[in-house]
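**Q** Read off the chains here:
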Amino acid sequence: MNSFVTLLSWFIPECILIFFATLILLYGLYESKVSFYKQVELIKKLMYYAGNTCFFIFFFIWLFFNKLTSGVMDYQVAPDYFSYSMKILLFLFSGIIFMLSAGYFRFEKKIKAFEIPVVMLLSCLGMSLLISSNNFAIAYLAMELQSLSIYAIITAKRDTKASSEAAFKYFVLGVISSAIFLLGVSFLYAYTGTISFLQLKPILSYVVESTFLLGDTALPSNLSYGIIFSISLILVGVFFKLSVVPFHIWTPEIYRKAPTPMVLFLAILPKVSMWAFFMRLYFYVFSDFLPKFSLVIQACALLSLLVGSLGALRQARLRAIIAYSAIANMGFILLGLSTFSVGGYKASLVYLIIYSIITMCNFSVILAVRCRYGEKLFYLKNVITLLYTHPFTGIVFVINLFSIAGIPPLAGFFGKFFVIQSLMASNMVFAAVTAVVLSAISCFYYLRLIVYMIVESDYRFSRYRGDGIPEADLMDWYMKVDFVEDKQYYTDMSTILVVSMFFMACFNVLFFLFPSLIIDSAWLMVKSFME
Amino acid sequence: MTLGKIVFFITLIMPIVAIAKLLTMRSKRYTELRNVAISFSTIIFLLTLLLYALFIEKSSFFQYTLEGSWFPEANLGFFYGIDGVSLLLIILTAFLIPVCILCTWESITIRLKTYLVTLFLTEFSLFNAFSVLDLALFYVFFESVLIPMFVMILIWGSRERRVHAAYQFFIYTFLGSLFMLLGILFVYSLFGTTDYLYLLNVDFSFNTQLFLWLSFFLSFAIKVPMVPFHIWLPEAHVEAPTPGSVLLAGVLLKLGTYGFLRFSIPLFPEASAYFSPLLFTMAILGVVYASCTTLRQVDLKKIIAYSSVAHMSLVIVGLFSDSIYGLGGAVFLMLSHGVVSSALFLCVGVLYDRYHTRLITYYGGMVSFMPLFAFLFLSFSMANMGFPGTSAFVGEFLIIMSSFFSNTFVCFFISVGVILSAAYSVWCYNRVMFGPTSSYIIKFSDLNKREFNYLLVLFLIVMLFGLLPNLILDLLHTPCAQILFLKRGWVLDCILF
Numbered sequence: 000m001n002s003f004v005t006l007l008s009w010f011i012p013e014c015i016l017i018f019f020a021t022l023i024l025l026y027g028l029y030e031s032k033v034s035f036y037k038q039v040e041l042i043k044k045l046m047y048y049a050g051n052t053c054f055f056i057f058f059f060i061w062l063f064f065n066k067l068t069s070g071v072m073d074y075q076v077a078p079d080y081f082s083y084s085m086k087i088l089l090f091l092f093s094g095i096i097f098m099l100s101a102g103y104f105r106f107e108k109k110i111k112a113f114e115i116p117v118v119m120l121l122s123c124l125g126m127s128l129l130i131s132s133n134n135f136a137i138a139y140l141a142m143e144l145q146s147l148s149i150y151a152i153i154t155a156k157r158d159t160k161a162s163s164e165a166a167f168k169y170f171v172l173g174v175i176s177s178a179i180f181l182l183g184v185s186f187l188y189a190y191t192g193t194i195s196f197l198q199l200k201p202i203l204s205y206v207v208e209s210t211f212l213l214g215d216t217a218l219p220s221n222l223s224y225g226i227i228f229s230i231s232l233i234l235v236g237v238f239f240k241l242s243v244v245p246f247h248i249w250t251p252e253i254y255r256k257a258p259t260p261m262v263l264f265l266a267i268l269p270k271v272s273m274w275a276f277f278m279r280l281y282f283y284v285f286s287d288f289l290p291k292f293s294l295v296i297q298a299c300a301l302l303s304l305l306v307g308s309l310g311a312l313r314q315a316r317l318r319a320i321i322a323y324s325a326i327a328n329m330g331f332i333l334l335g336l337s338t339f340s341v342g343g344y345k346a347s348l349v350y351l352i353i354y355s356i357i358t359m360c361n362f363s364v365i366l367a368v369r370c371r372y373g374e375k376l377f378y379l380k381n382v383i384t385l386l387y388t389h390p391f392t393g394i395v396f397v398i399n400l401f402s403i404a405g406i407p408p409l410a411g412f413f414g415k416f417f418v419i420q421s422l423m424a425s426n427m428v429f430a431a432v433t434a435v436v437l438s439a440i441s442c443f444y445y446l447r448l449i450v451y452m453i454v455e456s457d458y459r460f461s462r463y464r465g466d467g468i469p470e471a472d473l474m475d476w477y478m479k480v481d482f483v484e485d486k487q488y489y490t491d492m493s494t495i496l497v498v499s500m501f502f503m504a505c506f507n508v509l510f511f512l513f514p515s516l517i518i519d520s521a522w523l524m525v526k527s528f529m530e
Numbered sequence: 000m001t002l003g004k005i006v007f008f009i010t011l012i013m014p015i016v017a018i019a020k021l022l023t024m025r026s027k028r029y030t031e032l033r034n035v036a037i038s039f040s041t042i043i044f045l046l047t048l049l050l051y052a053l054f055i056e057k058s059s060f061f062q063y064t065l066e067g068s069w070f071p072e073a074n075l076g077f078f079y080g081i082d083g084v085s086l087l088l089i090i091l092t093a094f095l096i097p098v099c100i101l102c103t104w105e106s107i108t109i110r111l112k113t114y115l116v117t118l119f120l121t122e123f124s125l126f127n128a129f130s131v132l133d134l135a136l137f138y139v140f141f142e143s144v145l146i147p148m149f150v151m152i153l154i155w156g157s158r159e160r161r162v163h164a165a166y167q168f169f170i171y172t173f174l175g176s177l178f179m180l181l182g183i184l185f186v187y188s189l190f191g192t193t194d195y196l197y198l199l200n201v202d203f204s205f206n207t208q209l210f211l212w213l214s215f216f217l218s219f220a221i222k223v224p225m226v227p228f229h230i231w232l233p234e235a236h237v238e239a240p241t242p243g244s245v246l247l248a249g250v251l252l253k254l255g256t257y258g259f260l261r262f263s264i265p266l267f268p269e270a271s272a273y274f275s276p277l278l279f280t281m282a283i284l285g286v287v288y289a290s291c292t293t294l295r296q297v298d299l300k301k302i303i304a305y306s307s308v309a310h311m312s313l314v315i316v317g318l319f320s321d322s323i324y325g326l327g328g329a330v331f332l333m334l335s336h337g338v339v340s341s342a343l344f345l346c347v348g349v350l351y352d353r354y355h356t357r358l359i360t361y362y363g364g365m366v367s368f369m370p371l372f373a374f375l376f377l378s379f380s381m382a383n384m385g386f387p388g389t390s391a392f393v394g395e396f397l398i399i400m401s402s403f404f405s406n407t408f409v410c411f412f413i414s415v416g417v418i419l420s421a422a423y424s425v426w427c428y429n430r431v432m433f434g435p436t437s438s439y440i441i442k443f444s445d446l447n448k449r450e451f452n453y454l455l456v457l458f459l460i461v462m463l464f465g466l467l468p469n470l471i472l473d474l475l476h477t478p479c480a481q482i483l484f485l486k487r488g489w490v491l492d493c494i495l496f
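Chains as they are written, first to last, in numbering that gives the first Met the number 0: chain A, 0 to 530; chain B, 0 to 496.
Bound-form chain A, shown alone:
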């Protein structure tokens, strides 16, 4: 009885999540039947509720997680410091994402399904379980819960071709990668007879020790190779979710075609949860086999950087650029992990946090601005004049782009700084030089966005110069002309968007002065994990 209560206490955040998700579902059902609510308003309201639920869980774990934490035992979940702090991060980000994307539904009259927030909450549940999973069975189930919910929400605009196509592609590819993952797990089970992480670790270290170090003949000779094979299959499943080259093909396609809030959701949260899972799996369970994989992980990271940097150069769509930049950033995160040093893990976690915030900022700019007929910033040419028509959004976007390009003293630079520093510390000079050169190349397409925002406007503007209009008033005049001509902007500047954009810009600028706030906590998390 006592052990049951202890077990349940570890699941309190998840229980709260399920409770509120059910409540929101019931409320939505009630409202949609009884009061003839306008469906879009209802979804918006439910998104706010879901966001508040996430914030509630965030505060709950933050306040109580010391009491939740206890020693590691052979249970299905690992209630340790690492998993709870990753959950704090996860629920903070998901809360912000729910809040940011709520306004979106006002413009999309076609989306009728009020269940979307609930499904997104369930996806969060899957991620939360994945972070703390201590067993391959529960990890697989959690991963599927996370992915299935995402497949479902991508079809939110099921009337449009793009949305259904994206969902179908992501579904097929995702299912294949899950199947490969499951195959790897079953191989591992066949070779070792267990799927519990705690039991696997000593078995694997025994195998490594006896096969590679002692040359023990008591074990079958091909056992270690079988285990390596199964580990690489599992690696495929994880890399697919992290969108690391060569399993990245889905990324630009899905980013481009799925509805914006769903892309925002899928660009950040699965990466956080899969990063945590990857850490637990590869640096705790498979840690003895890692030297066999160091080259593979490093090669995948460098290839991601290469594809992410060069692929975006010829893109004409904003979200395709963000997708390639996500691939490149994943390369950096993986490069930090591939050093197999504590500094590298810390750098990787810091980079993940900074990347998430920058990505959220990018998407809040996309969500905030709409062109004529309510279309979003889709093509690069939609960005033209953004700095002058929407000064606030434009400045936030410029700061953010400089930051993601890695120009000091903005936050994005420090992410790269720590990763490259950890590379230099572990003597991976080739990787460091490659990363540096590729980040200089990738700098170009971020700059191109800034140039579009600043310059293109000017020489359209110069057409009206010298028409007897005072120079100072030309800008106003220009905006009027443009208003009539072809580019009628209006915005969805809800207070939440403005405030969060302001804070993210402040984060980018002020990270330089107070880096310790984030780095200290990352350090604590990684250190606790290493012990």
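Just so you know, the hints here were simulated from the structure itself, not pulled from any lab data. We treat Cβ as the ideally placed atom computed from N, Cα and C, and that holds for glycine. Among the clues, some could well be false.
Sample of chain A residues facing chain B (criterion: CB under 10 angstroms; computed from the structure) [to be verified]:
#, residue
1, Phe412
2, Lys415
3, Gln420
4, Val435
Model the placement of chain B on the given structure of chain A, informed by the hints.
**A** Coordinates of chain B only, in the frame set by chain A:
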């Protein structure tokens, strides 16, 4: 905290205060914005003069040292302190900012607030870059200058080609500096710190020095720029607005030579000695090639840009000439070039404001209706060629003298460069100012009071330091001697003052 430290701290954060004040103002009130900006920049300039007054010339230590924790567990921290070289460069920066505001008093009519904020951001980054004594933070500030300059070229540049120029400027510099970042991180992985004063007292092995020197060299050589890496400079100068060119030629190029002086030479003395033939070769090529290229330019700004390349190559010869005259002359020429080339860009800006072209073809016979301008432009052209009595002469003379002692071959070639500089300066002046009056010119107006005043100040400075060079050389003696002694391996105890 002594008075000097307090003044220094206020000087460092004053640009941020100015930005905060500007951001709270209405963007349409142009007169107010200009007044606030000019008063803030003047206050900052006066503060730097106060720093000069409080400075102890003969001290061989870094003064006004400020410390702050930034990132304790990684052993990185804010550490500021200045010696004579930094002080002079800071004063130069602080002096050029109000000049920039004045020279665009009427010509910038769009997005004035952004423009002023950009200027103060540049000033902030430069102050920090010149005074920080930590490699990682130096890198941060060295790079952060890129953002305001990029924005400045893009928004207030005059032609469509400015996009190309801005990309070139940004990506050249960024790529070069990233190698410096690698070098800095390598130092950090070796010693666990990037504190400059600590690194002065450690021995790098010869091979490490070679690697680190090359990685630093790439970044500084692009910034200076030395000849194979100079392509971005004429482009950026031509496309940038006048204040952009002034800041670029006046201070930003000095970041590169300052980097050589502060980091490459004292930290990696053996590698510097090992590579100095390479640098001399590049500098000779720079002087001769850039001077010859200058002769065939038709754009006024390009002429000044290429002559900047030639002069900066001269500075490099001085820096690596291994004598105290050479080092002192190099720093002197850096400062003098900062004033003279800025003044020339301002002169071009004066012409551009009136006639909206920079091509020499459209000018001619200006002397007959712009007498004041003709006089000032003549004096700055003379200064540019290193005429005795102007400040450039002192620097060039010291550099040529020291190179005569260290390497006569080099001396010969850079003297050729000086002769060529006379040729292009005089010829350029001749084509613009004399000859028949150009038929393209229909409106005539000489300098107005504002333009005359700021050009006059620059003129007085050029003459003052040409006639009384000891005002600067006294300040330079100690830091240059210290850099040389460190190079010779004499251990100086760097106890903080």
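**Q** Compare the structure with the hints numbered earlier in the document and write down the numbers of the violated ones, lowest to highest.
**A** none
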